[in-house]
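Line order of the protein sequences matches chains A and B. If you read the first sequence in the working numbering, its first letter stands for residue 1, the second for the next number, and so on. If you read the second sequence in the working numbering, its first letter stands for residue 1, the second for the next number, and so on.
These are computed hints drawn from the structure, not numbers from a lab. In this text the structure is predicted, and so the values were computed from the model without any measurement. Think of the CB as a built atom: it goes at the ideal place given N, C-alpha and C, for glycine as much as any other residue. Hints may contain errors.
[Unchecked claim] To spell it out: a stretch of chain A is covered by chain B in this simulated footprint if at least three of its residues, at any positions, have a beta carbon under 8 Å from a beta carbon of chain B; those stretches are: (1) 40 to 48; (2) 68 to 81.
[Unchecked claim] Per the computed footprint, the stretches of chain B lying under chain A, defined by three or more beta-carbons under 8 Å from a beta-carbon of chain A, are: (3) 50 to 59; (4) 88 to 96; (5) 100 to 106.
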Amino acid sequence: QKEVEQNSGPLSVPEGAIASLNCTYSDRGSQSFFWYRQYSGKSPELIMFIYSNGDKEDGRFTAQLNKASQYVSLLIRDSQPSDSATYLCAVNLHAGGTSYGKLTFGQGTILTVHP
Amino acid sequence: KAGVTQTPRYLIKTRGQQVTLSCSPISGHRSVSWYQQTPGQGLQFLFEYFSETQRNKGNFPGRFSGRQFSNSRSEMNVSTLELGDSALYLCASSLGGSASGANVLTFGAGSRLTVL
Chain A
1 QKEVEQNSGP
11 LSVPEGAIAS
21 LNCTYSDRGS
31 QSFFWYRQYS
41 GKSPELIMFI
51 YSNGDKEDGR
61 FTAQLNKASQ
71 YVSLLIRDSQ
81 PSDSATYLCA
91 VNLHAGGTSY
101 GKLTFGQGTI
111 LTVHP
Chain B
1 KAGVTQTPRY
11 LIKTRGQQVT
21 LSCSPISGHR
31 SVSWYQQTPG
41 QGLQFLFEYF
51 SETQRNKGNF
61 PGRFSGRQFS
71 NSRSEMNVST
81 LELGDSALYL
91 CASSLGGSAS
101 GANVLTFGAG
111 SRLTVL
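Same shape as in the complex, but just chain A (with noise of 0.2 Å):
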């Protein structure tokens, strides 16, 4: 079993609908929680961060995170064109001396938003 897996894709949306990306981790002891957007050819760009169960939102981005269910989603309301890129779920499995600066990624989804 991976450390962080996501949701195989590529996940095609029509411009407007509502993308949602999952993500799920193996060690229940994680802390953090991480979602990254990477366009081809560049570096991944921070999205947004959750540590505590529950759901948080930034604008057209909501991040879920179920710690029992050891599960983090990230949905996109209103997709746009410029949404398309491919979409990192990290996990910084360890708390403590271990997980200084060490972050585990899943193997990325694609997104495309066609217009």
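On the provided structure of chain A, position chain B as indicated by the hints.
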């Protein structure tokens, strides 16, 4: 506020050579992490430095090394290059403390290494 700066952006080396990559973190960020990104393996953690000390290390051979200077700038070195070292090398910085959000990584544009 300037972002994370990596140099060089692109470089081509031959097998057996060595390479040094440089990273300047965001001002005020004391932690610098390095990652390797390849199409097959995705993003993999190399190591992390804080206050000139390596605090964490990934599962890479000893040919991969790094260091951090007193101004938080960091370098990574790969010796005896192999074809499989061809990758995008990403540097990321963070505050590095224990406060909420201190472990949020901001990535640089990366250094794309091609080994022939």
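If any of the earlier hints don't hold here, list their numbers in rising order. 2
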